[in-house]
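Chains as they are written, first to last, in our numbering: chain A, 1 to 239; chain B, 1 to 299.
Everything labelled a hint here was simulated from the structure, so no lab data went into it. Quick reminder that beta carbons are idealized off the backbone N, C-alpha and C, glycines included. The reader is advised that the hints may include incorrect statements.
Unchecked claim - Pairs of lysine to aspartate or glutamate, EDC-like flavour, derived with a Cα cap of 16 Å:
1) A:K75 x B:D62
2) A:K109 x A:E202
3) A:K183 x A:D106
4) A:K23 x A:E202
5) B:K169 x A:D106
6) A:K183 x A:E160
Claimed, not checked - Not close to chain A: a few residues of chain B, all C-beta gaps over 10 Å, as computed:
7) L3
8) W7
9) I64
10) H87
11) N114
12) N129
13) T140
14) M148
15) M185
16) L186
Claimed, not checked - Partner residues aside, some chain B positions facing chain A, computed with beta carbon under 8 Å:
17) D62
18) L65
19) R90
20) E96
21) R172
22) A173
23) A176
24) R182
25) G183
26) D270
27) V272
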Amino acid sequence: MLEIKNLNSGYGHLQVLWDVSLKVSEGEFLALLGPNGAGKTTLLRTITGVVQPWAGEIEFMGQRIRGLPTPQIAKTGISFITEDLNLFGGMSVRENLVLGAYTGRDKKKIRESLDYVLDLFPVLGERQNQLAGTLSGGERKMLAVGRGLMSDPRLLLVDEPSLGLAPMLVLSVFKALQELRQKGVTILLVEQNVNMSLQIAERGYILEQGRIVLEGQSAALLEDEHVKGAYLGLGTGEA
Amino acid sequence: MQLASVWNLLVTGTLRGGLYALMAVGLALIMGVINVNSFMHGELYMIGAYAGWLAHVILGFDPILSIISAALISFIVGVLMEKVFFHPLRRKSGEEWLFNAYLVTVGLSFVLQNIALVVFKPVYRGIPNYWEGSIQLSPTMGISIDRMMSFLIAVVAIGAFWLFLRRTKMGRAIRAVAEDARGAMLVGIELNNIYTLSFGLSSMLAGIAGAGLLSLIPAYPTMGGVPLAKSWYVVILAGLGNVRGAIIGGFIVGMLESISYYALGAGWQDVVSVVILILILLVKPSGLFGSEVKGVLER
């Protein structure tokens, strides 16, 4: 569904991504893991056009999306839930959600999406008319995910949803993501929480210092020595 | 104080309020959405005034049609300005956008004033009134239909604009871009279209003010100076980029000036206004309705 070949990207003169290649198959739940500063967010930003790539190819559903402006990429069916959330703070929860469906024309479908999201996150329904800026951290995350779902996306890119959340809320967000997976949404999850991510994702990539260093099925990655040592605190003392 | 004076004070204050609100709303819009600190807003008001004059006096359109024509012309001028000057500038500016855009508006202000001077000459182009007659509530308290209509036009324009922002998809999109441009891009909103539309709407509102008040304030090449200053004053008072605040602020300022005029005399209006602005900013730097002192670059 999404294919990235030899992607090089960065900010100004600073190169962050070096020859990154990865594939996401339709219906998959894929995890992109790695330490802070590895370039995971940069990769998501490059895919969605927030950052323009320096070299390489990005193909989504057979269409080359490299170099397209962000709104156009959004229209192809990719929804990006950023780490900063980028919510419309001065607008109500409901307005934020409605705007999520901006590219849609079918009012009935939009209505259905809204019902689905409010069902998935009941707290958003309770706070429908509240300003987004007044929500708590967890509620804001849910709103961001909900807004991303309003366009009925084919591919959902989620950047570190667990960051800054109380463990119970982390569970509910991950549970929501799993529900989406059942619905057939393809998900690319970027996370630092390696353990939890590999529990729900089927496959994962490890990005370190801008390069893909490991790839494999989650079960295999969880057993990998390097992963165990660097990310799971189960090192044997060797690198 | 006599009832007649109070009445006059109210009428003048409300009318001024309407003018200031119309002007300030347009300015607040482009500051909030596009981050343009416009010093050419007065010239858009001037263009509206001349357009209204041309439509009514030269082409003989009736008052309402004249004002609508002026509104359309102002909108088109705004759209053209944005596409020709600000769009290319934005692509090249990067971080220097704020200052560059400001400079361009100063330059355009200068150019537009001089074009008007050459084309229309330094002659006041006004009209005695759009509508005849007056309504008398009592022997000493009356209001000319002309003034009443000007006020109504301002109210209708502001009201329609407000409904547009609140209830329509495009209006929501404009507000979204003002809130978080990246978030807007991520939901599929084309920023450039929003920028162009916002500048067009802002110019249209200023143009309606210019044409709507033609009978009170005749068209003149340099007529934009005072409305520009007042717009900025209202916007600073209300909170930069705050559209709702600009509307309320416009009326507050209009009424305030009217009261000062009657209580202290003509020369004191501006003194009172500025003093109150300073006091309010000392206590609440973000303006009466501003939520926080957020640098424009932090949007």
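Each hint tested on the structure:
1. Using a Cα cut-off of 16 Å, the hinted pair K75 of chain A and D62 of chain B is violated, with the two alpha carbons roughly 46 Å apart.
2. Among the hinted pairs, K109 of chain A with E202 of chain A is inconsistent with the structure: their alpha-carbon atoms are about 30 Å apart, more than 16 Å.
3. Annotation: proposed proximity of K183 of chain A to D106 of chain A is violated, straight-line Cα distance about 20 Å (limit 16 Å).
4. For the proposed pair K23 of chain A and E202 of chain A, the alpha carbon gap of about 13 Å is at most 16 Å, so the pair holds.
5. Of the pairs offered as hints, the one joining K169 of chain B and D106 of chain A holds, with about 13 Å between alpha carbons and a cut-off of 16 Å not exceeded.
6. For the hint pairing K183 of chain A with E160 of chain A, the CA-to-CA distance comes to about 21 Å; that exceeds 16 Å, so the pair is violated.
7. Once the 10 Å rule is applied to beta carbons, L3 of chain B is consistent with being away from chain A; the minimum gap is 43 Å.
8. With a minimum CB-CB distance of about 39 Å to chain A, W7 of chain B clears the 10 Å threshold, and the non-interface call stands.
9. For I64 of chain B, the condition that its CB be more than 10 Å from all CB atoms of chain A holds, with the nearest at approximately 34 Å.
10. Every Cβ of chain A is farther than 10 Å from the Cβ of H87 of chain B; the closest lies at roughly 14 Å, confirming the non-interface assignment.
11. In this structure N114 of chain B is separated from chain A by more than 10 Å, as the shortest Cβ-Cβ distance comes to about 38 Å.
12. With 10 Å as the threshold on Cβ separation, the claim that N129 of chain B sits away from chain A holds: the shortest Cβ distance comes to roughly 42 Å.
13. With a cut of 10 Å on Cβ distances, T140 of chain B stays outside the contact zone with chain A, its closest approach being about 46 Å.
14. Separation of M148 of chain B from chain A is adequate, the least Cβ-Cβ distance of about 35 Å exceeding the 10 Å criterion.
15. With 10 Å as the threshold on Cβ separation, the claim that M185 of chain B sits away from chain A is violated: the shortest Cβ distance comes to roughly 4 Å.
16. Consistency note on L186 of chain B: stated as away from chain A, yet its beta-carbon is not over 10 Å from all of that chain's, at 5 Å minimum.
17. Checking D62 of chain B against chain A by beta carbon gives a least distance of about 39 Å; that is not within 8 Å, so the hint is violated.
18. Residue-level restraint check for L65 of chain B is violated (minimum Cβ-Cβ distance to chain A is 35 Å; threshold 8 Å).
19. Contact between R90 of chain B and chain A, as hinted, is not supported at the beta carbon level, the nearest pair being about 13 Å apart and thus beyond 8 Å.
20. Hint on E96 of chain B is violated. Least Cβ distance to chain A is approximately 15 Å, over the 8 Å limit.
21. A cut of 8 Å between beta carbons decides the hint on R172 of chain B: the least distance to chain A is about 6 Å, and the hint holds.
22. Given hint, A173 of chain B at the interface with chain A, holds; its Cβ is 7 Å from that chain's nearest Cβ, closer than 8 Å.
23. Evaluation of the A176 of chain B hint against chain A yields a held restraint, the C-beta minimum of about 5 Å falling below 8 Å.
24. Satisfaction of the interface hint for R182 of chain B is found here, the shortest Cβ-Cβ separation to chain A being roughly 5 Å, below the 8 Å cut-off.
25. Interface hint status for G183 of chain B: upheld, as the beta-carbon distance to the closest one in chain A is roughly 3 Å, under 8 Å.
26. For D270 of chain B, the interface hint is violated, the least distance from its beta-carbon to any beta-carbon of chain A being 32 Å, above 8 Å.
27. Checking V272 of chain B against chain A by beta carbon gives a least distance of about 32 Å; that is not within 8 Å, so the hint is violated.
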